[in-house]
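So the sequences go chain by chain: A and B. Following the numbering used here, the numbering of the first sequence begins with 1 at its first residue and continues without gaps. Following the numbering used here, the numbering of the second sequence begins with 392 at its first residue and continues without gaps.
Just so you know, these hints were derived from the structure itself, not from any lab. Treat the hints with caution; some may be incorrect.
[To be verified] Below, in silico cross-link-like pairs of lysine-lysine (DSS-like), each with a Cα-Cα straight-line distance of 27 Å or less:
1. K274(A) with K636(B)
2. K526(B) with K130(A)
3. K101(A) with K119(A)
4. K278(A) with K636(B)
5. K114(A) with K101(A)
6. K526(B) with K76(A)
7. K32(A) with K7(A)
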Amino acid sequence: MIAKLPKHCETVIVGAGIQGLLLAFNLAERGKTDILVLDAGYWQGGASGRNGTLVRGGFSSPEWIGLFHHSVEQWKVLSSRLRRNVMYTRRGYSIIAESDKTREMLDVAHQNQKAAGVKTEMLSERRLKKVLPAIAHRRITGAIHLQDGGTAPHHAVMKAALDVVRERGIQVHYQTAVTGIETTDGRVSAVLVGDQRVEADLTVIAAGGQSTDLAQMAGVEIEAVPFRIEAAATEPLRPLIYPALALVDRMTYLHQTARGEVVGGSELPGESAKRNLKSTAYVLPRYSKHLLEMFPQLRNVRILRQWSGYLHPAPDGGPLLGPHPDIRDLWFTSGWTYGIAGGPGAADLMAKAIVTGEIDSRMAAFSVDRFRRGKPCMEASAVIDNASAAA
Amino acid sequence: MTFSGHRLPHISREPVTILWNGRPVRGLKGDTLAATLYGQGVRVFARSRKFHEPRGLSGTFVAGHLATVDGIPHCRLDRVMTEPGQRVEMENVWPSVRFDLLNMARLLPRRMTRAGFEHPRFIPDSSFAWMPWEKLLWNIAGEANPPEFDDRPEIPGRQIECDTLVIGGGPEGLAAAKAASGTVVVVTRSPELGGMAFGKAASVALPEGVTVLTDHEVYGLFNNGRIAMAAANDPQQPGVMIEAKRVVLATGVRSVPPLVSGAALPGVLDARTALRLAAMDGVAPGNKVLVMGTYKGRAVADTLSKLGCNVLDFIDVSDVERINGRGSVSSVRVAGRNLPCDAVVHAGPWRSDPTLAFQAGADGDLRLMPGALPTHVSLQGACSEPGEAISFGRALDRDALVCPCMDVTVDEVLDLIDRGITHVEELKRRTTCGMGTCQGVPCWDYLAAVVADATGRGVEDIGHPTYRPPRAALTIGQAAGLADITEIEV
Numbered sequence: 001m002i003a004k005l006p007k008h009c010e011t012v013i014v015g016a017g018i019q020g021l022l023l024a025f026n027l028a029e030r031g032k033t034d035i036l037v038l039d040a041g042y043w044q045g046g047a048s049g050r051n052g053t054l055v056r057g058g059f060s061s062p063e064w065i066g067l068f069h070h071s072v073e074q075w076k077v078l079s080s081r082l083r084r085n086v087m088y089t090r091r092g093y094s095i096i097a098e099s100d101k102t103r104e105m106l107d108v109a110h111q112n113q114k115a116a117g118v119k120t121e122m123l124s125e126r127r128l129k130k131v132l133p134a135i136a137h138r139r140i141t142g143a144i145h146l147q148d149g150g151t152a153p154h155h156a157v158m159k160a161a162l163d164v165v166r167e168r169g170i171q172v173h174y175q176t177a178v179t180g181i182e183t184t185d186g187r188v189s190a191v192l193v194g195d196q197r198v199e200a201d202l203t204v205i206a207a208g209g210q211s212t213d214l215a216q217m218a219g220v221e222i223e224a225v226p227f228r229i230e231a232a233a234t235e236p237l238r239p240l241i242y243p244a245l246a247l248v249d250r251m252t253y254l255h256q257t258a259r260g261e262v263v264g265g266s267e268l269p270g271e272s273a274k275r276n277l278k279s280t281a282y283v284l285p286r287y288s289k290h291l292l293e294m295f296p297q298l299r300n301v302r303i304l305r306q307w308s309g310y311l312h313p314a315p316d317g318g319p320l321l322g323p324h325p326d327i328r329d330l331w332f333t334s335g336w337t338y339g340i341a342g343g344p345g346a347a348d349l350m351a352k353a354i355v356t357g358e359i360d361s362r363m364a365a366f367s368v369d370r371f372r373r374g375k376p377c378m379e380a381s382a383v384i385d386n387a388s389a390a391a
Numbered sequence: 392m393t394f395s396g397h398r399l400p401h402i403s404r405e406p407v408t409i410l411w412n413g414r415p416v417r418g419l420k421g422d423t424l425a426a427t428l429y430g431q432g433v434r435v436f437a438r439s440r441k442f443h444e445p446r447g448l449s450g451t452f453v454a455g456h457l458a459t460v461d462g463i464p465h466c467r468l469d470r471v472m473t474e475p476g477q478r479v480e481m482e483n484v485w486p487s488v489r490f491d492l493l494n495m496a497r498l499l500p501r502r503m504t505r506a507g508f509e510h511p512r513f514i515p516d517s518s519f520a521w522m523p524w525e526k527l528l529w530n531i532a533g534e535a536n537p538p539e540f541d542d543r544p545e546i547p548g549r550q551i552e553c554d555t556l557v558i559g560g561g562p563e564g565l566a567a568a569k570a571a572s573g574t575v576v577v578v579t580r581s582p583e584l585g586g587m588a589f590g591k592a593a594s595v596a597l598p599e600g601v602t603v604l605t606d607h608e609v610y611g612l613f614n615n616g617r618i619a620m621a622a623a624n625d626p627q628q629p630g631v632m633i634e635a636k637r638v639v640l641a642t643g644v645r646s647v648p649p650l651v652s653g654a655a656l657p658g659v660l661d662a663r664t665a666l667r668l669a670a671m672d673g674v675a676p677g678n679k680v681l682v683m684g685t686y687k688g689r690a691v692a693d694t695l696s697k698l699g700c701n702v703l704d705f706i707d708v709s710d711v712e713r714i715n716g717r718g719s720v721s722s723v724r725v726a727g728r729n730l731p732c733d734a735v736v737h738a739g740p741w742r743s744d745p746t747l748a749f750q751a752g753a754d755g756d757l758r759l760m761p762g763a764l765p766t767h768v769s770l771q772g773a774c775s776e777p778g779e780a781i782s783f784g785r786a787l788d789r790d791a792l793v794c795p796c797m798d799v800t801v802d803e804v805l806d807l808i809d810r811g812i813t814h815v816e817e818l819k820r821r822t823t824c825g826m827g828t829c830q831g832v833p834c835w836d837y838l839a840a841v842v843a844d845a846t847g848r849g850v851e852d853i854g855h856p857t858y859r860p861p862r863a864a865l866t867i868g869q870a871a872g873l874a875d876i877t878e879i880e881v
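Work out the full structure, taking the sequences as your base and the hints as a guide.
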């Protein structure tokens with residue numbers, strides 16, 4: 001049941017998640033609408049429907065702050081740009097330290113964030129009690145609060161972006177898997193979908209965990225791998241936890257949704273990359289333990305759901321943005337671990353680069369060839385396991 | 392018609408008094424809270440998420456019997472035993488049960504509350520107006536106040552290794568347990584073995600060495616079925632991690648109510664719940680009971696009669712057009728005629744719960760798809776047979792609820808199908824169908840039936856969204872207790 005596709009498109013975007021759809025939207029805003037967006041799965045079936053929906057602009061390294069702070073600024077105006085509510089809520093985002101070492105890291109992060117103009121606050125004990133009354137305060141050695149951070153439920157932005165992109169006349173096809181990528185004279189010339197061939201001036205891979213396979217179809221490698229993680233939601237409760245949270249020492253993130261569910265997950269040190277969407281028996285108990293220790297009120301609250309999805313970590317956990325060094329006319333917005341947070345910002349910078357040819361420095365820091373150049377963007381406050389990122 | 396509650400004379404136990412929304416209610420020690428309340432004529436246990444419609448004990452839709460017990464939200468009233476002085480409170484009311492402003496939700500046009508309060512037309516577009524609205528929404532959608540700070544640690548989990556794990560304590564499960572060699576564990580959600588015979592079957596005697604976990608329900612199957620997580624119904628009891636060489640699923644079948652309006656009204660019970668109330672708790676499902684079902688359902692009507700219930704009639708479920716009632720069921724519309732009653736028991740179509748078989752066999756990268764069962768997992772008895780077709784009267788009723796937990800109507804699904812959206816995973820995400828405590832059982836069977844009917848495709852081609860864990864929920868305290876006894880696959 002694959003639709004008849006055009007023979008030629010200026011831009012083919014592979015992946016109709018938040019990266020692909022917002023890139024299509026930003027290109028359309030800059031006057032480019034000859035775009036085809038293809039996705040092998042169903043709407044919200046990939047990481048854009050399986051993530052923790054957390055948004056923050058403040059990290060510890062200047063490179064991460066540069067990209068993600070820009071993205072938060074984009075999040076702030078996304079509802080008005082799309083003329084639909086993406087439900088971005090600036091409830092704040094707290095980064096929690098439970099050890100002296102992490103506290104020291106947060107001090108550095110705080111300085112870097114201030115220097116970049118991020119609205120950031122090192123929470124005093126009194127402020128912590130106000131911002132997070134329910135948390136187990138005795139465990140905490142330090143906390144940064146990012147006032148402009150918060151959450152953005154993925155279904156809202158996915159619905160808004162899909163509707164707007166289609167309104168602009170851009171074709172988006174789900175359940176339409178790219179089966180081959182054609183290269184001619186050192187450039188990507190077309191994508192193949194079964195027996196259909198779509199010639200493209202530019203092909204952009206925005207396919208989450210599938211991006212590694214798609215790169216290989218074009219005969220190139222990228223330094224990121226699909227990596228399964230799991231999340232869970234509790235049954236609904238009235239407000240208990242207001243801001244979004246990163247528990248750095250526990251590699252755990254969580255927030256309470258507008259539906260009342262406490263949603264979050266933990267990464268486990270040393271776990272290896274797996275390639276299926278099955279849930280396991282060992283992540284949920286460990287996440288539950290972290291949750292219980294930090295929010296003992298939840299002891300008798302039941303789990304409503306657990307699921308898994310893919311990160312696509314590069315060795316430094318940061319995204320891969322821009323052209324591939326080994327082949328022309330193939331760009332990436334892949335390698336995402338904080339894809340919801342970074343999506344609007346990356347899409348804006350990518351579109352600008354594609355249309356004007358100028359690559360913004362905030363995007364250039366995350367270039368696809370940065371590892372080769374010996375310039376990774378390491379980040380200490382991200383809730384990702386560097387061992388898994390290097391997998 | 393009001394229902395005063397009716398206790399059958401064959402059960403007598405020590406009386407106790409509990410508080411229901413601050414009002415004393417008398418019950419018997421050893422009853423579940425659901426039986427205590429039902430026996431005293433309380434039908435409405437809960438209010439639905441969006442439409443704020445009355446819900447009660449049903450045996451089908453878990454959301455109907457969730458309430459706050461002694462400050463702990465979302466307790467399953469059909470699992471919690473009655474204890475003197477318990478404070479049981481209805482959820483999803485504000486500020487109080489007697490003066491409940493959330494009742495105004497019933498006045499809203501249903502189209503406005505589609506997909507929860509999260510996608511409708513009237514949410515503010517600007518992010519500044521959105522934040523106070525979100526807070527209001529959160530207070531409504533959250534349904535219940537969070538529990539108090541409780542500094543007790545997790546409940547250390549229980550670890551069991553066995554040769555054969557049998558899931559299901561009915562006659563089929565017991566037969567499998569008897570036939571199995573080596574160490575055997577039987578898990579049943581009931582307080583006793585024997586299935587719908589409720590402990591009376593003489594065949595209950597099991598060989599020595601068989602470990603029986605009553606009052607436990609399986610949370611999910613993992614690692615291709617080699618690991619089962621189970622939850623004690625009592626949240627203060629441990630979660631259990633069972634590693635088995637062989638797993639037998641003998642989960643039987645259960646009756647699925649027809650997809651007609653009123654099917655989620657209080658007073659509509661599935662056969663198992665009605666029989667359990669009458670046989671074990673001595674509580675009549677109603678004073679005037681209609682039984683509807685497929686041909687096997689007649690036996691249920693006979694049994695209820697023998698237990699002393701006033702059964703008016705047995706109706707073929709495919710003739711049922713709708714179920715009427717405001718706070719509770721008052722009549723059933725059959726072939727253009729309203730048949731008065733104060734309880735409806737459905738006994739068919741009978742279908743199995745596909746969750747565990749799905750979890751044992753499913754695999755996939757873009758989407759978990761059902762797969763063949765691994766060789767060490769088998770189905771025994773009725774759950775291995777194809778289920779009876781969902782019944783929805785002569786034509787689809789647009790007001791019927793596909794998902795009573797999240798208040799998703801047939802109308803909402805049909806409108807999406809008209810827009811070309813027919814993928815069940817996408818329909819689930821756009822409507823939230825099946826994302827409540829029932830875990831899509833039977834809502835996703837309804838969903839598939841609606842898509843099949845609207846598109847003219849065969850129901851077997853439509854498929855289901857992923858049957859994720861939990862099937863029955865662990866608490867955070869129970870799950871945390873399993874952390875030290877599960878190994879990370881590296």
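Are K526(B) and K130(A) close enough, with their CA atoms no more than 27 Å apart?
-> holds (17 Å)
Below or equal to 27 Å on CA atoms is what counts here, so check K526(B) against K76(A).
-> Distance ~18 Å between K526(B) and K76(A) Cα, so the pair holds.
Proposed proximity, K7(A) with K32(A) (alpha carbon, max 27 Å) = holds (17 Å)
Assess, step by step, whether the Cα of K278(A) is no farther than 27 Å from the Cα of K636(B), and give holds or violated.
-> Roughly 20 Å separates the two Cα atoms, so the pair holds.
If you draw a straight line from the CA of K101(A) to the CA of K119(A), is it 27 Å or shorter?
-> Measuring from Cα to Cα gives roughly 23 Å; hence the hint holds.
Proposed proximity, K636(B) with K274(A) (alpha carbon, max 27 Å) = The hint holds at about 24 Å.
Is K114(A) close enough to K101(A), meaning Cα to Cα at most 27 Å?
-> holds (20 Å)
Taken one by one, the earlier hints all hold for this structure without exception.
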